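Whenever a hint applies, use it, and build me the whole structure from the sequences.
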Amino acid sequence: MIRRKSSSSSAKSIKTRRSSSVGFDEFGFALSKKRDKKIQHRYNDYSYPQPNPIKVKELCEFLSYWNGSSFICRNQIERFIRIGIPPAIRGRVWKCLLNIDSLRVGSSFDYEVCQAEIRRPLVDLGVSEYSIISTIDSLVDTENEISSGQASGLPNTDLTLFKQIALDLQRSFPTHRTLMGQRPEAIEGQAKLFRVLTAYARYNPQIGYVQGMSYIAAVLLMILSEEEAFWALVALLEKPKYLSELFDSSMKKIQHQALVFHQLLKHKKPLLFQHLDNLGVSSLHFIMQWFLTLFTSLPCWDSVLAVWDLIMLHGLQAVFRTGLTIVLLLESRIMNMSEEATVLPVLLRVPVDISQHRVLIPALWNTEVQEWEINCMNCLVLEETSGGQDTAAEKIQNESGKSQSSSFSARQKDEKPRLKVAQNTSKTEAAGLNSKNVFTRLLKVAQNYLLETGKRSAAAKSSPAKKSLAPSRLPKTRISTSLTQVRARRSSSRRSQNSTLGGVKKERFPSQDSNGGSTEESSQSSAGRLRSGPVGRVAFRKSRGQSGRRNSLLVKKQNSRSQQPPAQTFLQPEKSKNNDDCQETQTRNVSTRCPPLTERNYIACPMTANQVQESQLI
1 MIRRKSSSSS AKSIKTRRSS SVGFDEFGFA LSKKRDKKIQ HRYNDYSYPQ PNPIKVKELC
61 EFLSYWNGSS FICRNQIERF IRIGIPPAIR GRVWKCLLNI DSLRVGSSFD YEVCQAEIRR
121 PLVDLGVSEY SIISTIDSLV DTENEISSGQ ASGLPNTDLT LFKQIALDLQ RSFPTHRTLM
181 GQRPEAIEGQ AKLFRVLTAY ARYNPQIGYV QGMSYIAAVL LMILSEEEAF WALVALLEKP
241 KYLSELFDSS MKKIQHQALV FHQLLKHKKP LLFQHLDNLG VSSLHFIMQW FLTLFTSLPC
301 WDSVLAVWDL IMLHGLQAVF RTGLTIVLLL ESRIMNMSEE ATVLPVLLRV PVDISQHRVL
361 IPALWNTEVQ EWEINCMNCL VLEETSGGQD TAAEKIQNES GKSQSSSFSA RQKDEKPRLK
421 VAQNTSKTEA AGLNSKNVFT RLLKVAQNYL LETGKRSAAA KSSPAKKSLA PSRLPKTRIS
481 TSLTQVRARR SSSRRSQNST LGGVKKERFP SQDSNGGSTE ESSQSSAGRL RSGPVGRVAF
541 RKSRGQSGRR NSLLVKKQNS RSQQPPAQTF LQPEKSKNND DCQETQTRNV STRCPPLTER
601 NYIACPMTAN QVQESQLI
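Heads up: the sequence shown at position 315 corresponds to 315 in my numbering, and the numbers run straight through without jumps.
Be aware that a few hints might be false.
Heads up, simulated DSS-like pairs for lysine-lysine below, C-alpha to C-alpha not over 30 Å straight-line [claimed, not checked]: (1) K444 - K455; (2) K253 - K268; (3) K444 - K252; (4) K192 - K241; (5) K252 - K269; (6) K444 - K269; (7) K239 - K252; (8) K55 - K95; (9) K253 - K239; (10) K57 - K95; (11) K95 - K33; (12) K268 - K241; (13) K239 - K455; (14) K55 - K33; (15) K57 - K33; (16) K241 - K95; (17) K192 - K163; (18) K241 - K266; (19) K252 - K266; (20) K266 - K253; (21) K253 - K269; (22) K95 - K239; (23) K55 - K241; (24) K253 - K95; (25) K455 - K241; (26) K266 - K239; (27) K253 - K241; (28) K163 - K253; (29) K239 - K192; (30) K268 - K455; (31) K252 - K241; (32) K252 - K163; (33) K192 - K253; (34) K163 - K239.
No lab work stands behind these hints, which were simulated from the structure alone.
As the structure is a computational prediction, the values presented were derived from the model and not from experiment.
Shown next as structure tokens:
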């Protein structure tokens with residue numbers, strides 16, 4: 001026994017010497033040799049872009065006035081994530097995106113008090129969190145004693161929880177400096193991870209501890225402090241945006257999400273899906289490992305952190321997006337494989353050339369998976385599961401019908417084959433319709449979703465549209481009003497011109513009104529109105545030099561055409577009606593013979609009644 005103890009102690013000392021002599025990279029992983037890289041599946045040559053000092057300063061200033069509810073802040077942080085988050089500031093970015101501080105302030109859960117409560121059953125079991133891995137055997141023995149009834153008074157639930165967490169601590173990043181070997185840093189890191197996981201099991205006893213949480217909590221402890229890592233784990237597992245649809249005690253949620261990815265791959269890449277289906281490879285074989293560990297099994301750690309940055313920003317949508325990107329990058333290799341034994345290792349252990357930062361991350365940003373697509377696939381999976389339950393009920397009913405039909409007569413037995421054939425044909429037709437109508441159901445779900453979003457956007461835009469007119473219509477109304485004003489002015493000027501022209505032709509001398517007054521002043525005012533305005537002024541200026549000549553020609557033509565002088569006919573306005581008729585016929589003849597001259601003369605040189613009278617007398 002003594003020799004065995006010495007050998008074990010010497011083995012531990014050799015391990016500590018090896019771990020102390022091993023070097024670590026910038027992310028804390030051990031620098032392994034070429035022959036060990038294939039076993040550990042960890043690549044230490046990173047290709048992520050080096051941070052720019054100016055961009056780092058801008059990001060620090062941006063995080064100082066961060067507002068998680070602002071759409072502008074979300075777009076700005078997405079730009080920085082696309083460029084690349086520096087490792088020194090990644091913790092601040094994650095805290096802002098997960099809103100850890102407000103979550104801790106708004107909760108009544110006390111982390112320190114919970115740790116004090118956890119240490120009590122550990123003391124009862126004679127176990128410490130700093131030696132939890134070395135005491136797994138003793139925990140298993142005590143659990144067997146409790147189940148057999150030999151020991152009593154110990155909490156069985158806490159014991160099973162401690163045993164599950166201790167078993168997963170050995171598997172969580174065994175090559176990282178905070179979890180590797182028996183060095184003080186590794187022992188402290190294992191104790192932190194144990195405390196965070198047990199605290200979350202106390203925080204949410206409905207879920208408790210699920211396999212895969214140790215990887216997520218370990219990554220958070222590499223970036224954040226212990227309590228911040230606990231609240232970050234709470235935010236990731238509790239908020240619907242992130243991983244609340246992946247983790248539960250029965251593991252049904254992760255299976256459902258694997259089926260959703262199965263449908264997404266079927267409609268995004270049907271040929272690849274058909275090839276995997278022919279080989280017998282289901283998405284459940286590799287998606288559960290990818291989703292539960294959030295792609296921490298990738299060999300290049302810089303790519304893992306970049307994927308996590310995108311998950312912190314977009315949540316579960318980024319998880320589906322990353323899985324689809326990896327499958328698309330492996331499509332050419334998978335299509336050339338013809339056996340299941342060669343396909344699964346490539347999917348479970350993604351090659352280094354695919355997972356490098358310069359290959360995976362640009363392809364990830366170019367791949368698009370919308371939220372409505374995930375919702376449609378989710379509806380299809382729910383419909384298929386409900387359809388499966390219906391078919392199971394139909395099978396039970398058919399079996400009961402068969403048992404009852406066994407007691408029928410021979411005549412009815414002869415009719416059984418016909419009924420069976422009809423039932424089988426109906427079942428096959430129903431199965432064919434179900435397989436053919438999957439795509440139509442998907443289209444219907446997508447159409448309903450788009451119609452709902454269109455109605456919401458139309459309802460949101462209808463209220464401001466009613467209040468204010470469209471800006472494109474305003475200049476049209478202005479132009480139309482200006483045109484109507486110009487037309488009204490022109491029509492009024494033409495009416496006034498026609499009225500004055502009729503007055504000149506019909507009344508050569510000023511007439512008297514009913515009160516005995518003269519209307520000469522009104523004719524003078526109408527002629528003055530014609531000279532007012534821009535058109536009248538220009539016409540008056542142009543025709544001022546030609547007015548005398550035109551007036552003389554008009555007078556000569558009128559004297560030659562009429563036998564009697566116009567003064568004799570118009571000096572007596574109170575004569576008989578026959579004279580008036582003759583006067584009207586003479587004026588009509590003059591107007592019909594040369595209307596353009598009179599109109600041009602009248603418009604070009606407007607004259608009052610006195611001027612017309614004087615010209616005709618001369």
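(request) Take the C-alpha atoms of K239 and K192, compute the straight-line distance between them, and say whether it is at most 30 Å. (result) With a Cα-Cα distance of about 23 Å, the restraint between K239 and K192 holds, given a limit of 30 Å.
(request) Please work out if K253 and K239 have their alpha carbons no farther apart than 30 Å. (result) holds, 15 Å
(request) Below or equal to 30 Å on CA atoms is what counts here, so check K444 against K252. (result) holds, 27 Å
(request) Measure nothing beyond the straight line between the CA atoms of K266 and K253; if it is 30 Å or shorter, mark the hint as holding. (result) holds, 20 Å
(message) Does K269 sit within 30 Å of K444, going by the straight-line distance between their CA atoms?
(response) Since the Cα atoms of K444 and K269 sit roughly 20 Å apart, the hinted pair holds (cutoff 30 Å).
(message) Need the status of pair K95, K33: alpha-carbon distance at most 30 Å?
(response) violated, 36 Å
(request) Mind checking the alpha carbons of K241 and K95 for me, to see if they're no more than 30 Å apart? (result) holds, 16 Å
(request) With a cut-off of 30 Å on the C-alpha distance, tell me whether K252 and K163 pass. (result) Cα-Cα ~23 Å, so holds.
(message) For K57 and K95, compute the direct alpha-carbon distance and say whether it is at most 30 Å.
(response) Between K57 and K95 the Cα gap is close to 18 Å, so the pair holds against 30 Å.
(message) Next pair to validate is K266 with K239; report whether the Cα-Cα distance is within 30 Å.
(response) With a Cα-Cα distance of about 28 Å, the restraint between K266 and K239 holds, given a limit of 30 Å.
(request) Would you check the hint for K163 and K253, treating anything up to 30 Å between C-alpha atoms as holding? (result) holds, 24 Å
(request) Given the hint that K268 pairs with K455, test it: the Cα-Cα distance must not exceed 30 Å. (result) holds, 28 Å
Checked against the numbered hints above, the structure violates hints 11, 14, 15; every other hint is satisfied.
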